[in-house]
Amino acid sequence: MPDTDVFRTLADPTRRAVFERLCRREMSVTELKAGFPISQPAISQHLAALRGAGLVCERREGRFAYYRAQPQALGPLVDWVDRYRLFWPERLEKLKNVLKDMEP
Amino acid sequence: MTNSPAAVVTECDLPDAPNKVWKALTVPELLAAWLPDAVDYEVLASEPDRLLRYRWRGNEFDSVVTFELTATSTGGTHLRVDHRVLADVLPFRSRTEPVACGGGAHTMLLRRAA
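As you go down the protein sequences, you meet chains A and B in turn. For the first sequence, position 95 (counting from the first letter as 1) is numbered 118 according to this note's numbering, and the numbering increases by one without interruption. For the second sequence, position 51 (counting from the first letter as 1) is numbered 53 according to this note's numbering, and the numbering increases by one without interruption.
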């Protein structure tokens, strides 16, 4: 399920940091690595996971590859928030009615 | 618990005392009357008349709902409902908007890319 993938993928703090850096601008693996105390293969592994979840896309230019974030992949989270922002006020109105009908 | 990718906080003032509100939150028949959605959940924390936290299994995401009850000076209850996706994902920013129920809702949304 792609929605769950987004969460699982971003549950890793390093991966999340990679994603956040790529939200700011497109970067090569070398540029990206500069900010992290981990090896290039490790960065590549995180990028592969992020690409697998649709959170990052790759652009090839000759033998160089550049990566950028696809923040629209976060849509399910935004939908969740929108839904529950309407949900709770409605439920709390019902709670008020339940309280009215209860014995003191 | 504090680091959630998405959270919705809704607050309201109720005229009833905390122990009565507590019943409406914890007696199954009463809970079902206003929150029929609470079918698949697990209680994580329970402090009578003060705090109830449960994990809610959702279709998409598991989430945690925390009800905090505070007695008001007029004998009523200030109820704060904090509902957040159960995942340690992105830092969030906060935004506040007024909603129904006489309180305010704070919506914490993930930091979006510019």
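Think of the hints as simulated: they come from the structure by calculation, not from any bench. Even for Gly, the Cβ is constructed at its ideal location relative to N, Cα and C. It is possible that part of the hints are untrue.
When the alpha-carbon atoms are kept at most 35 Å apart in a straight line, the in silico DSBU-like pairs for lysine-lysine are as follows [unchecked claim]:
{"hint": "1", "chain 1": "A", "residue 1": "Lys56", "chain 2": "B", "residue 2": "Lys22"}
{"hint": "2", "chain 1": "A", "residue 1": "Lys56", "chain 2": "B", "residue 2": "Lys25"}
{"hint": "3", "chain 1": "B", "residue 1": "Lys25", "chain 2": "A", "residue 2": "Lys119"}
{"hint": "4", "chain 1": "A", "residue 1": "Lys123", "chain 2": "B", "residue 2": "Lys22"}
{"hint": "5", "chain 1": "A", "residue 1": "Lys117", "chain 2": "B", "residue 2": "Lys22"}
{"hint": "6", "chain 1": "A", "residue 1": "Lys123", "chain 2": "B", "residue 2": "Lys25"}
The following residues of chain B were derived to be distant from chain A, with all beta-carbon distances above 10 Å [what the hints assert, rightly or not]:
{"hint": "7", "residue": "Pro17"}
{"hint": "8", "residue": "Glu44"}
{"hint": "9", "residue": "Pro50"}
TODO: Find the hints from earlier in the document that the structure breaks and name them by number, from lowest to highest.
DONE: Of the numbered hints, 1, 2, 7 do not hold.
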